[in-house]
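Visitor: Here are the chains, one letter per residue:
Protein chains: 4
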Amino acid sequence: MPVLVETIAEFKTGKPFQGMTVGFRLHLEPKTAVLIEALLAGGAEVIAMGNEGTTQFGTAEVLASQGCEVLDRPGQGPEATAVHLSRIAATGPDLVLDNGAELIGACLDNANPPLGATEETTSGAFRLREDLAGRVGFPVIVINDSPLKSIVENKHGVGESVVDTIVRVTNMSFHKKRVVVYGYGWCGRGIALYAQRRGADITVVEIDPIKALEAAMDGFDVAEPSVASTTAQVVITATGRPGVVDYPAIEQMPDGVLLANAGYLDTEIDIRQLEQQAPGAELSPSLKRHDLSNGKSVFSIAEGRIVNLAAFGGIGNPIEAMDLGLTLQARSLAVLVDPDYDLSPGPQPVPDTVNARVATAMLYSMGQLG
Amino acid sequence: MPVLVETIAEFKTGKPFQGMTVGFRLHLEPKTAVLIEALLAGGAEVIAMGNEGTTQFGTAEVLASQGCEVLDRPGQGPEATAVHLSRIAATGPDLVLDNGAELIGACLDNANPPLGATEETTSGAFRLREDLAGRVGFPVIVINDSPLKSIVENKHGVGESVVDTIVRVTNMSFHKKRVVVYGYGWCGRGIALYAQRRGADITVVEIDPIKALEAAMDGFDVAEPSVASTTAQVVITATGRPGVVDYPAIEQMPDGVLLANAGYLDTEIDIRQLEQQAPGAELSPSLKRHDLSNGKSVFSIAEGRIVNLAAFGGIGNPIEAMDLGLTLQARSLAVLVDPDYDLSPGPQPVPDTVNARVATAMLYSMGQLG
Amino acid sequence: MPVLVETIAEFKTGKPFQGMTVGFRLHLEPKTAVLIEALLAGGAEVIAMGNEGTTQFGTAEVLASQGCEVLDRPGQGPEATAVHLSRIAATGPDLVLDNGAELIGACLDNANPPLGATEETTSGAFRLREDLAGRVGFPVIVINDSPLKSIVENKHGVGESVVDTIVRVTNMSFHKKRVVVYGYGWCGRGIALYAQRRGADITVVEIDPIKALEAAMDGFDVAEPSVASTTAQVVITATGRPGVVDYPAIEQMPDGVLLANAGYLDTEIDIRQLEQQAPGAELSPSLKRHDLSNGKSVFSIAEGRIVNLAAFGGIGNPIEAMDLGLTLQARSLAVLVDPDYDLSPGPQPVPDTVNARVATAMLYSMGQLG
Amino acid sequence: MPVLVETIAEFKTGKPFQGMTVGFRLHLEPKTAVLIEALLAGGAEVIAMGNEGTTQFGTAEVLASQGCEVLDRPGQGPEATAVHLSRIAATGPDLVLDNGAELIGACLDNANPPLGATEETTSGAFRLREDLAGRVGFPVIVINDSPLKSIVENKHGVGESVVDTIVRVTNMSFHKKRVVVYGYGWCGRGIALYAQRRGADITVVEIDPIKALEAAMDGFDVAEPSVASTTAQVVITATGRPGVVDYPAIEQMPDGVLLANAGYLDTEIDIRQLEQQAPGAELSPSLKRHDLSNGKSVFSIAEGRIVNLAAFGGIGNPIEAMDLGLTLQARSLAVLVDPDYDLSPGPQPVPDTVNARVATAMLYSMGQLG
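Chains as they are written, first to last, in our numbering: chain A, 5 to 374; chain B, 5 to 374; chain C, 5 to 374; chain D, 5 to 374.
So that you can see chain A by itself, here it is in the shape it has in the complex:
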């Protein structure tokens, strides 16, 4: 992770967090540990908790040896989450790095509320804007909305890894297969691109005609869902909306069609209804065959959960995308305590200067700008 490593070097000199405490809540594993290392290098004291049941304790031990207080313990149950949230909030952290907005929520009524926070997810940002609206008196930088993530992670990272995962799970060739991609947002256009590069013919289904026109100009076929369904050999959803492919649509599809979802929700394809009507027989890990009453067979991957993360052997996001996201976190935290910035309270995008700084560093790490 060269971009984050470069940030560590800078923090070691500049000590942006000297004398401050950071409440940290994010999946604890070797890569996020490098983010904590960056905060420690910048002079922070860090008190950390992971997401329930996912903490890697080898990593936690290393972090502890570096002076980071890690609350998670092996064998702890779900009730530990609330305890840890309260305990971190009780320390009155100067900064909060959060994932889901629960830790931010826990700190809202502190006597000395944080100077600022970062929130990793769009759904956390949504919670801040809805449930906690008007209660957040300090700036919260929402990492996931950065345009850098759209480009590097959503289009290229997700696009490539979704296609790779489907190929890996099914061992199928995409050559001259008709792949129907639902949604032509950042993820959808990456999926369409990388499926095409494996020799597939692509049909894009997209309700926004402007994006649909862009798909056509990018060289893809564009069709109404009812037409697209009847030609699909592979269906991949990436719309972010539930119920995009319902059971009647599945019945219309050709015999042998493969169904995969690349969106966050596991309800884009109605696998629940499919399972009820035609329970899946497991062919291999993450791959099921469903024999419909109309005589056709349908294949589903990972029960319709986000395929590149949920499928057995799923590829996840590339290390480069992690490097980018964690550096956005580190530098956004630094901005929150930088007197040159005067941020307004509440959820807000990553400042342009941070995006620009991280994009430049990433370009250098790719051997560009030389």
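These aren't lab readings, by the way, just hints derived from the structure by calculation. A couple of the hints might just be wrong.
Here are the simulated DSS-like pairs of lysine-lysine, each with C-alpha atoms no more than 25 Å apart in a straight line [what the hints assert, rightly or not]:
id	chain 1	residue 1	chain 2	residue 2
1	B	180	D	215
2	D	35	B	181
3	C	35	A	181
4	B	180	D	180
5	C	181	B	181
6	A	180	C	180
7	A	35	D	181
8	A	215	C	180
9	A	181	C	215
10	B	215	D	180
11	C	181	B	35
12	D	35	A	35
13	A	215	C	215
14	A	180	C	215
15	B	35	C	180
16	C	35	C	19
17	D	181	B	180
18	D	35	A	181
19	A	180	D	35
20	B	215	D	181
21	B	181	D	300
22	A	181	A	35
23	D	215	A	35
24	A	180	C	35
Reference excerpt, derived from the structure (chain A facing chain D, CB under 7 Å, subset only) [what the hints assert, rightly or not]:
id	residue
25	177
26	322
27	370
Heads up, the beta-carbon is just placed ideally off N, CA and C, and yes, glycines get one too.
Given chain A, put chains B, C and D in place with the hints provided.
Guide: Quick look at chains B, C and D alone, frame taken from chain A:
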């Protein structure tokens, strides 16, 4: 122009402009004549003038025979412009279709100002927002800012025709040539794409690091201008800003480099300075060779003016892009008199519904959505 | 033409043709003049004639001033050809550079037949193998069969220029147009590739199933002619065989289809029959519209002659392809008098060593191998 | 395997092998079992052995239940091979299906030698042409030399799976990585293509200048090995020759370079010398890091063995390539007993008619020719 033709059919039935007059100012030639035909079909009376010295009088005659009043006359001088603007304004048009905001300006103080107007250009919109700020009491829809134009016209239309024109003027092969593209906006990314598709190796120069990162993820090299200059065999500017390539930069470029500009301004490359230092010898129409004092030769196309329009044999925009732009005009005018819309005064983008409607029609014309 | 220029430099030193005469018959224009310059630099005396009616006399004058004897005179009629052939043969040339095998034929019965010859065309080679079989007692190197020509000229040169020429003549956009390419030889695969790069959807029609499979693996659709015809918006033939698209097939095509031929013969598409059934109205130079009795219209380019050469504004082959072909000529002639080579009599391919030498030089000229 | 399944249907009716015995020697697993099924369907009696130690006994049982005699037994040692070869030869098979030419060799001195044979591998064909030259009195069709295999298996199958395997083993992104591909044969061009489609910049190293020129025209950089080495971030060899990348070359490569081999031999990259100089530390299955004495680190995959087959999680060839190869086997055997064919003795390529027949079937299975 199937999309505009479909609009004519609709206007013939719906008569959206029944009983209204439209003041029209746009280049008068066969394609824009179809736009006037659409207005007439919609029930409008049209009084029209072209841009100075560009009116095609054969077209004007046909329009006159269809009942459109055309003010331009063969042999008229530049002083006719002001006369015609005043004359149209004096008729108190219900709607104005403008190009440069001069006709809109002339109508501002009418007793009965127009119900609304469309403005073709971004520079006209700029004038409305600056010089005429606060004086425009009716909605003005700015056509050029439509995202449809960015996609269809700027990226694919301009991108493809710029590369085609350079190949045509020079008869050179792009295979393994190093082409440096300045600017990674819509035009720049189209130019980079189509130059690559002819076998060139592309370097993108872009000051916005986020766009630069996108260029790198799209597979192009990205470099600082000082580095890019020293490797360029072809330079194409598409930044929209003056002075991007100055004379000292040209001196640093390799012997034999070709300079072309794809931006609106003819000052992106400092051809004026180049001409002073090393006057160009014309090799063929629109192609000059400049022998620099440092012993290198440099080639320039069309004196640095926008290459796909200004070069001899330049290809201009494809008919499909014209079809799109003129339909946006026709449907935006219809929206201005549609009671379902309640538009605020002043310059504003094309309404989403119009963009969506035109995008859908264009998709059908491309054989999609079937 | 950097590759040929490099050869000239080498010949100036090595003088491979010292004391020899070369009978030269090839289109005489500025580029082929550089080939003659190479022979002169190598020490040859050259006596030259062009193809009937195509000689550029400005070029001829320059050649004469360099010591080359040029037989063609302005205003000469077709009867001059036989006279010039005889006259060159009568000089008893040591080497012959021919185009159509007529000059070779004229020298067969010389008391001192040539040491060797080169023949530019495949049809000339055919004549040598059929009509003159057994009579050619010296080696004749056939230039056009070199694999270098297949790659550089046929695939990329012809492929790109055919598509460019069609776009130029029609001013049409290829985006999402269905282009049917007949023949998946070197030219056909170039045409399919460059049409796809302009956004077209490609169907390949190819009678050899192995090539057809290659087309499918390359990402193109493959169809029987009867099916392909009914979907085509653009038809391009590149099979080298007559009667590929006959009139009944044209009648089955969609309204508005455009017909173009990229093969050597003007009979691949049966334009003669089309003209008889539905005489074409000229829309612009090289573009005709034919109104069929079944109510459809069909467009034809350049009367079905080879489109990139015959159409008005046709692009021809790029200079790089000429550079390659002429260098193959020059170096093949040198091999014929090189004692290290012991070539058998009769028509034969360009020796591997020559192909390798020219390919390497061309790579350097493209900035490769550095 | 739709193409082979279609062949089975045809054999069931035509019974080409009625009353004949086939001696079968090929890896015995579920896919090759379908080939045996085809022979049984065609009326053959089959006596089969696998390659040493690779037989899947579940498959063997199924085959036995269908009437095929399988010689392999669980737990048998290497000495079984010779026994089984003799035993099959002793039955005097009418046809032989071989892999390595050992079974063919065993049958040469039979009183009634086979009517014909097929040989899967190029190395088996080599053995027939060298060691057994002049002794083979019946036709032997060599499957691996079919142009269909070059296209489907070598270019697209191997190309795609080599790149996929490297990505899977290393979890690296190829975006803007400099990948150096040694060899531009069928495999090399597939590797270059699929690496480029993942965003890599490609340099091709190729000693044949004609292929090198083709690589350049295909858009890749071409360099001498000494230059290419110094820029490589990933090296992939696919030349079929030993010692292509030796230890001194490895020392010149940039720090962090990754070495992978896609050729049949494990000696294209001199991993043996690398291991001696800098023993590899295993980072993950199939991935090692070597710390050189010059301070650089080098990574190697699968000890330099053929990466898509040997690496942990290697992807192997796609099922479509297997389908193709096994159908070529089945139909070539049928040709050997078809009176319409009069094949000469000795090793020879797959007949054109068989290639054409299988290519056509494969096109149909890809949804083409419709």
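Visitor: Could you run down the list of hints and mark each one as holding or not?
Guide: Verification of the hints:
For the proposed pair residue 180(B) and residue 215(D), the alpha carbon gap of about 16 Å is at most 25 Å, so the pair holds. The straight-line distance between the Cα atoms of residue 35(D) and residue 181(B) is roughly 48 Å, outside the 25 Å bound, and the hint therefore fails. For the given pair, residue 35(C) sits about 48 Å from residue 181(A) by alpha-carbon distance, which is inconsistent with the 25 Å threshold. Between residue 180(B) and residue 180(D) the CA atoms are separated by roughly 17 Å; this keeps the pair inside 25 Å, and the hint holds.
For the given pair, residue 181(C) sits about 29 Å from residue 181(B) by alpha-carbon distance, which is inconsistent with the 25 Å threshold. As the CA atoms of residue 180(A) and residue 180(C) are separated by approximately 17 Å, the hinted pair is consistent with the 25 Å bound. Using a Cα cut-off of 25 Å, the hinted pair residue 35(A) and residue 181(D) holds, with the two alpha carbons roughly 22 Å apart. Between residue 215(A) and residue 180(C) the CA atoms are separated by roughly 16 Å; this keeps the pair inside 25 Å, and the hint holds.
This hinted pair checks out: residue 181(A) and residue 215(C) have alpha carbons roughly 19 Å apart, not beyond 25 Å. A C-alpha spacing of about 16 Å is found between residue 215(B) and residue 180(D), which places the hinted pair at or below 25 Å, so the restraint holds. As the CA atoms of residue 181(C) and residue 35(B) are separated by approximately 22 Å, the hinted pair is consistent with the 25 Å bound. A distance of roughly 42 Å separates the Cα atoms of residue 35(D) and residue 35(A); the hinted pair therefore is violated under the 25 Å criterion.
A threshold of 25 Å between alpha carbons decides the hint, and for residue 215(A) with residue 215(C) the separation of about 36 Å lies outside it, so the pair is violated. Only pairs whose Cα atoms come within 25 Å are accepted, and residue 180(A) paired with residue 215(C) is accepted, the gap being roughly 16 Å. Distance check on the hinted pair: residue 35(B) and residue 180(C) sit about 22 Å apart at the alpha-carbon level, within 25 Å; holds. Proximity of residue 35(C) to residue 19(C) is assessed by CA-CA distance (about 21 Å); at most 25 Å being required, the pair is judged to hold.
Pair hint residue 181(D) plus residue 180(B) holds up; C-alpha atoms about 19 Å apart against a cutoff of 25 Å. Restraint check: the Cα-Cα separation between residue 35(D) and residue 181(A) comes to about 22 Å, which is no more than 25 Å; the hinted pair holds. Restraint check for residue 180(A) and residue 35(D): the C-alpha separation of about 22 Å stays at or below 25 Å, so the hint holds. Between residue 215(B) and residue 181(D) the alpha-carbon distance is near 19 Å, which keeps this suggested pair within the 25 Å criterion.
For the given pair, residue 181(B) sits about 34 Å from residue 300(D) by alpha-carbon distance, which is inconsistent with the 25 Å threshold. Under the criterion of a C-alpha separation no larger than 25 Å, the hint pairing residue 181(A) with residue 35(A) is inconsistent with the structure, at around 37 Å. Restraint check: the Cα-Cα separation between residue 215(D) and residue 35(A) comes to about 44 Å, which exceeds 25 Å; the hinted pair is violated. With a C-alpha separation of about 44 Å, the suggested pair residue 180(A) and residue 35(C) falls outside the 25 Å cut-off, and the hint is violated.
Taking 7 Å as the C-beta cut-off, the interface hint given for residue 177(A) holds, the closest approach to chain D being about 5 Å. Taken as an interface hint, residue 322(A) checks out: its beta carbon lies about 5 Å from the nearest beta carbon of chain D, inside 7 Å. For residue 370(A), the shortest C-beta to C-beta distance to chain D is roughly 4 Å, which falls under 7 Å, so the interface hint holds.
Of the numbered hints listed earlier, those contradicted by the structure are 2, 3, 5, 12, 13, 21, 22, 23 and 24.
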